[in-house]
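Here the protein sequences come in this chain order: B, H, C, D and E.
For the first sequence, position 352 matches number 431 in our numbering, and the numbering has no gaps at all.
For the second sequence, position 121 matches number 122 in our numbering, and the numbering has no gaps at all.
For the third sequence, position 398 matches number 542 in our numbering, and the numbering has no gaps at all.
For the fourth sequence, position 70 matches number 80 in our numbering, and the numbering has no gaps at all.
For the fifth sequence, position 128 matches number 351 in our numbering, and the numbering has no gaps at all.
Bear in mind the hints are in silico, worked out from the structure with no lab data behind them.
This one's a predicted model, so the numbers in the text were calculated from it and none came from an experiment.
Certain hints may be false.
No more than 27 angstroms apart at the CA atoms, straight line, and that leaves these computed lysine-lysine pairs for DSSO-like [stated by the list, open to error]:
1) H:K164 / B:K115
2) B:K501 / C:K210
3) B:K273 / H:K123
4) B:K470 / C:K390
5) E:K250 / C:K614
6) E:K787 / E:K804
7) H:K163 / B:K112
8) C:K614 / E:K673
9) C:K614 / E:K799
10) B:K174 / B:K433
11) C:K294 / B:K433
12) C:K591 / C:K290
13) B:K174 / H:K164
14) E:K381 / E:K250
15) E:K296 / C:K245
16) B:K367 / E:K815
17) C:K241 / E:K296
18) B:K429 / C:K210
19) C:K591 / E:K823
20) E:K425 / E:K296
21) C:K390 / B:K505
22) E:K382 / E:K593
23) B:K367 / B:K273
24) B:K501 / C:K294
25) H:K94 / E:K823
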Amino acid sequence: MNIPQIPLDFNALIPEITITAFASIIFLLSLLKINKSLLVWTSVIFLICLIPLIPVFEGKAFGEFFLNDFLAIYLKITVLLGTVISLLLLGSYIKSRLILLKESIALILFASLGMMLLISARELISFFVSLELMSLSLYALVALRKYDKRANEAAIKYFMLGGLSTVIMLFGISLLYGATKSTDFIFIVEAVSKNSELSLAGLSLFIVGFCFKIALIPFHMWSPDVYEGAPTPVTAFISTVPKVAVFGAFGRILIEIFQNYHIQWSSFLIVLAVITIIIGNLLALPQKNIKRMLAYSSIAHAGYIVLGLIAGTQEGFNSVVTYMLVYTLMNIGAFTVVIALNEEDIENYKGLHKFHPVFALSMLIFMFSLTGVPPTAGFIVKFNIFLQAIKAGFTWLVIIAVLFTVVSAYYYLRVVMYMYMKEPIKSPNSFNHRELEIAIMFCALGVLILGILPIYLI
Amino acid sequence: MNQIAVDQAFFIYFYISLSLLSIAVIASRNIIHSVFFLLIFLLHVAAVFLFLNAEFLMVIQIIVYVGGVLALFVFAIMIMNLKEELKHRKFVKFAGAGIFSGLLFFTVFYGYIRNIKLSPEKPLLSDVNVLSSILYSYYLLPFEILSLVLLVALIGGIIIAKKDPKEDK
Amino acid sequence: MHSEHERLNDYRGELRKNLLISVLASILFSVLIIAFGGWANNIKYPILSTLIFFPIVGSILILFIKRQNEELIKIATLIISIVEFILSIPLYFSFDKTITKMQFTEEYLWIPRWGIKYALGVDGISVLFILLSSLLTILCVLVSWKEINKKIKEFYISLLLTHSAMIGVFMSLDIFLFYIFWEAMLIPMYLIVGVWGGPNRIYAAIKFFLYTFIGSLLMLIGIIVLYIYTGTSDILKLAEFSYPYKMQLWLFWAFLAAFAVKVPMWPVHTWLPDAHTEAPTAGSVILAGILIKMGAYGLLRFNLPMFPEATVAMKPLMLILSVIAIIYGALICLVQTDLKRLIAYSSVSHMGFVTLGIFALNHQGIQGGILQMINHGIVTGALFLCVGMVYQRTHTREIAKYGGLATVMPIYAALFMLFTLASIGLPGTNGFVGEFLILLGAFKSWKLMSILGATALVIGAAYMLWLYQKVFFENTGNYITEHITGYGDLNSREIVTLLPLVFAVLWIGFYPLPILSFMDLSVKELLNHFNSVIGAMR
Amino acid sequence: MINEYLLLSATLFTIGLIGFIIRRDLIVMLMCLEIMFNAVNISFASFSYYNGNYTGQVFVLFSIAVAAAEAAVGLAIVLALVRITGINHSDEITGLRG
Amino acid sequence: MEKVYLLIPIFPLIGFIINIIFGRFSKIKTINTIAVSSIFISFILSIFSVYEVFMGKTIEYNFYTWILSDDLKVSFGYLIDQLTAVMLIVVTTVSLLVHIYSIGYMHGDPGYARYFAYLNLFVFSMLMLIMGNNLLQLYFGWEAVGLCSYFLIGFWYKKKSASDAGKKAFIVNRIGDFGFALGIFLLFISVQTLNYFELFPKLLGLQGQTVNIIGLNIDLITLIAILLFCGAVGKSAQLPLHVWLPDAMEGPTPVSALIHAATMVTAGIFMVARLNPLFGLSETALAIVAFTGAITSFMAATIGLVQRDIKRIIAYSTISQLGYMFLACGLAAYGAGIFHLYTHAFFKALLFLCAGSVMHAMAGELDIYKMGGLRKYMPITYITFLIAAFAISGVPGLSGFFSKDEILWFAYSSPKGYGKILWLLGTITATLTAFYTFRILFVAFHGKFKGDTEVLHHLHESPKVMTYPLIILALLSLFAGYFSVSHFITPVVGEGVSALPHEEEKIVMAISIFAALLGIFLAFYMYVLKPQLTESLYMRFQKVYKILWNKYYFDELYNYLFVKPTLWISRIIVEKISDRKIIEGVVNGIPKLCYFAGGKVRNLQTGYLQHYAILMIIGVCIILFIILST
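For reference, chain B alone in the conformation it holds in the complex (with noise of 0.2 angstroms):
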């Protein structure tokens, strides 16, 4: 029996070998007694320094199995921005609850090597053990308050419901490899048209899973729990960074390998789609805690995403990976208002605008651009996703999706609606780090940047 060979190049590889290096030195270092925001800010400078050098490692490694071409190095500075922000977020949040523990530092940075490698992986295996190093480590992230009840629940439904997902994707993989004999990508899309029945069960289940991360409806379920149980920051990571990553690989999936299924694939995205856009704002509307509309908002956000992948085509692709930055600083950038005002009732909110003036204009930013109003990024995203929709043809659902984002208008505008035009029923116990202000500022900024100049974004 001949053994395959394949060449043992991974220069491209190399920001992830240098993230795991220094992951581990972290978390060794976190056993240690150092002060836990030396640790946090280190981490953030070293993600920052690595940031820029990303690009330079575009190429291939170990053959096939690990592709860092444009797509993939757009969305891994994604997720180290996200990853950084979320670092902050963190740092901010270690300072003055003392209850989350430094391995976080550790722990999340080892979930977003998991993200980049998953973005990179182009073989079925490394896909999956990249996925489970993720969602590993996302499970811990959302333990780790492990003196909270309510985080306690959410782990425990996070966990449960995400083994469930791996266990059906681990089947639909099977499937998927007994169809093309194959884990290989590029095997897999030539074998895929020979026993295209098997593929495609493969394929369904298999993409269960990604639904399951990117909480599309009926696998949302977790996510409205998860983000109110777990803590403000973790919440944040979870409900961007792994979306941007899992994004990215169903896209590949679905568009590189299964390109001439689209038919098939897509006829169920579309009934998930519109499922998930009209539930998931509808959800949204009568929310009272913020971080469970957020949950309900970002799982109408997924929505709107696979809109892009349903078109089916590269550029259709291209605008989710867009999409998914912009997202991210969005997204990120209400959880970090959040943490910042240390409240999670909206009713809260009333006439934040008084006492914080600089993180009420920050939320207008960011709810304004989830709704999708110019001149913010959100905006030209979601154009970008509407355009290669009805580019494919699929006029109706970006009606649909239209009337819904109004739906959406009317629950993201409350939040503002509350913050500047309501009095206030008492003054926020906040808390107000330098980590918030670097964050949020970011964000906004971003998202305004973005919005206006949109030239990273297309």
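Chain B is already provided as a structure; the job is to place chains H, C, D and E on it using the hints.
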């Protein structure tokens, strides 16, 4: 008896026993019984691997699952010292719906894959040497990532499970 | 009581001083900028961009003024708005009326990947709105001087940003850019209504936002479809394509959705009374003065030139809707009990005239429609200003509580009378010229609709005069005598606020020729294009 | 034969799934997850056998490792929950909803 | 030289602007100097212009282009021909006298400056109306005089009845203007111009064209003429839009004299005369004009018989006389119509001013039955009133006689079949006119004083500034008839048509003299000789009296027919049901529905882990099923 008939007979045995064992796992009221049924179940699976020419997998199955995972379960049960299950309901209230949706899944799924035909290949004759070569060269990347997975599981498991007197507020 | 009076006097002195400073400073500033412009003329001085970005830069500067320093904020805003106005004056004088091309054009590639450009330019139609907008913004700043007393900084920033976005709408030559400005305007406007408005402001603000948002998004779909079909987003180029009839119909409705809500046409008008009523005076003025004109402007810029066949097919329906709006709005006005609400509903009626004129699809109709938009901006803006001024004194908008104001505030009564007359379209005021042209145009186009529309002349007179009688005539009510004392008639700031509008009303009323000739060629060009397309189809 | 093995795999998977859905006890639910993992592993191994390459087997290796890792983390989470609240039943943790 | 006449309307405008802005700070003397002198200059200039016209010139001048849109080109300019000249004389003379009179009458009123400003504005508007060389400028003046009328009727705005009356006047006029405007539109789209000189030649081309209105084919010219006549009906208070004029008496009396007797209300007649080439082309339209005039004339006279309010009686008399003028115009005897307009202006203004003088003395009392014997206290007023009464009654030798007689002659001699009917109506009306005019005279000026003694002590003749205008007007009423306007304006409006030989005119004249004298005698008999007769007549014809007293219930009818239903529709159908319930219901219903649906779907999120799992599995099944089926 020819090889195929033997295979089929064994397969029928495994099919029945694996099904019954797994049902036993979910049906037994005592959690320790569940663990033991799971143990037997896992051993049977190991035997199935043998029939599929995957000796190495059989060994791994026994070592990892029986030696590792099940031990973990037992320890966990012992740490938690759970006995209430015996007094309480075993199933959730909406078990009927659960069974129904499970069966629905089975029907749809199996109805789907029942008819598939795979182009027959020569069955694999296992060779551990080859397997190892592949694992450490061709699949080096996932293998390395797997190590990280285990590391994370380690970190996660420990920090979640450990009691931290300092932060216990 | 005495000290109160003294304080008031002090305040007035202060006010005069501030106003003086502002005006002087603005003139100085403008001279500097214009001088710079003259110098930079060789390198093609981008006047339109200057107009858009000047208030934005100004609002950023205001952001850095300390919150407590209220007077400075006001003065700074006033200076910015006056300078903005002075800067926009060259648009009028340097505009070449003899050519139909877009003028003062600027063009930079903005989103290269999509070929979307940052393209600005004005024709005879849009210049008028830009000027009107600049003028009204100054007045809004003046009228808000005392009315707005919380979150002052934010208010003025919102005001300036709204202004920028609005004139951006009128300048854009790229459909994408147009949409950006179109929507961007919503954010500050939403805040202006919602934060500084009346008791029911939140409902009104959200209603306003959602209503317009849903329309705009449908237009967005239309824009995307257009863009995909043609591959360009240049408004002028888009008009040159000919689209299949069915597509035209769909697109016509998609665009109409946005514009009809903005105008507002019947039956999507109900946001308007709420928003106008609840908004602070400045908000109402901007809403009535500029914002709802954007809808009709959009119809002229997109629906007519791009979808001529659909326009012809939809013309009867549009005319009927316009007439319904005219009569419906007027009838509702007859029974209103709230000052602002009445004026708001009268806007529905007046804007019905505008759409009637536009869809008459002939020269007089369209010209009248445009003129009527300007008139409505001036007159309804002025009426809202007036109501705001009296509301500040009495804190009520209930008509029943008023009466006999003419005795207490004679100057106010006189000015209000003038605007009332303009509103009912008396010859010699601007309202007449617009309505006459519209009705004439509509008469040429569909007699019955013009006849029905003309009934509003009677009903309009009925409700406006009824309003005037209730508020100004008869004996002064107790409520008024109790509340009005200590303020008296209009102060100099308020008179200064209204004077430009008085001037405009009479000027357009007696000598509308400059404005008519200003847009003449643009309208002709529009109709030529329209008719040639229709002719080619047949 | 492959279809039979797939049937076996699907059957076991379904049983695990049903157990996962109907049992209240969190640890049994974890065990059900393990059953499902094993069902999938059987399918992998059988595909590997009939496809004639090692990839399936390799995948089973990874799958087993991942299952173990999941079990570890899962048990830790359950442990934490039981320690804080004393609850180990899935239908008693419904604090987050709506 | 032509441009000089531009100053005719400009000066009153300047007077208006000065007084409205600075009047509040000026002395009374300054105010009235400005007001009167501006009118005086206009008067002098008018005289010049009339002289030029008399010399046979027609002055046309375009000042500037007002509106220019595509084929519509309208200028502000003026056209002074014979017709305009007559009107100029009437307007400037009467307004000058009224201005002077007002100095005395309005003395001490807090709104003094405002009053004069409005008056000046009115003169400006009226001059624009009569001098305009195109229809739209006429419309401009038309509406502007309506506005001034609104201002001046509601001058004492604190009185609810006054402001109501002003509003009513404006709105009723607007109804007429609605038709007028449509007429202008129709005319414009038929001939593409609104300038008189450009318009008239094109009219012939329109003959025989029809226009389709809701399935009916109507002759184009007739339709235009009728629509334009609508405006005249409103402005000149003809049936059925006459209801505003009696109410307009709420304004100061000089205003009634100027606006609601001499000038503004005659604008309708002027318009018809001005557009005589148009009306002349349509027999139907002319008949409508004539009958409207005749019927109005008769009905108004009957109402006038029983009213007690001195000003209202004169107001109904005005309506009646305006009817006369329309009667003339309807017979294509425009010259006669304008002639009557011209004489009527003087004696009717005089009547009003006398009434004003009486009111001035009586502290605003209007009821003639509370006066009596005023002859002794106010001799000048009495004599001038007497002259005016004779003039209006058509007593030979006075101005009214000539013009009225000419109208009746044209009616009698008309080639049209209905001429005789019109003549009969006119003659009866003449009797009635004489009767009610002398009723005022006998009741108010003769007999014993019936008012308060308090008032009696203050009774006095008015100051000279008021009596001189009376005297001048009395002289004009006496002698104006000797200047035959109808001949003067023949070049513009053509000769009246009479089918009978000129000798028969004497019979008609005799009959009308007899009618006038009969009226006077009856009044004398009933109110001086046998005052108790009124009582018995009243008892006998109670029902008729009631109808007349209530002015044929026009106001009530309109209230129930138009005003109330409109308000009801507005309030109930449009606002409550359509706006609030249907449209707002949908608008607010959709968010509510969404909210409701959101709340329902929310129940799915139960918090049970296994529920979530079940839903996931069902989702998987759905996906598989969909893939299966595609």
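Here is what the structure says about each hint:
no.: 1; hint: H:K164 / B:K115; result: holds, 20 angstroms
no.: 2; hint: B:K501 / C:K210; result: holds, 23 angstroms
no.: 3; hint: B:K273 / H:K123; result: holds, 18 angstroms
no.: 4; hint: B:K470 / C:K390; result: holds, 18 angstroms
no.: 5; hint: E:K250 / C:K614; result: violated, 31 angstroms
no.: 6; hint: E:K787 / E:K804; result: holds, 22 angstroms
no.: 7; hint: H:K163 / B:K112; result: holds, 18 angstroms
no.: 8; hint: C:K614 / E:K673; result: violated, 38 angstroms
no.: 9; hint: C:K614 / E:K799; result: holds, 22 angstroms
no.: 10; hint: B:K174 / B:K433; result: holds, 26 angstroms
no.: 11; hint: C:K294 / B:K433; result: holds, 10 angstroms
no.: 12; hint: C:K591 / C:K290; result: violated, 48 angstroms
no.: 13; hint: B:K174 / H:K164; result: holds, 21 angstroms
no.: 14; hint: E:K381 / E:K250; result: holds, 24 angstroms
no.: 15; hint: E:K296 / C:K245; result: holds, 25 angstroms
no.: 16; hint: B:K367 / E:K815; result: holds, 17 angstroms
no.: 17; hint: C:K241 / E:K296; result: holds, 19 angstroms
no.: 18; hint: B:K429 / C:K210; result: holds, 24 angstroms
no.: 19; hint: C:K591 / E:K823; result: violated, 53 angstroms
no.: 20; hint: E:K425 / E:K296; result: holds, 16 angstroms
no.: 21; hint: C:K390 / B:K505; result: violated, 57 angstroms
no.: 22; hint: E:K382 / E:K593; result: holds, 22 angstroms
no.: 23; hint: B:K367 / B:K273; result: violated, 52 angstroms
no.: 24; hint: B:K501 / C:K294; result: holds, 13 angstroms
no.: 25; hint: H:K94 / E:K823; result: holds, 22 angstroms
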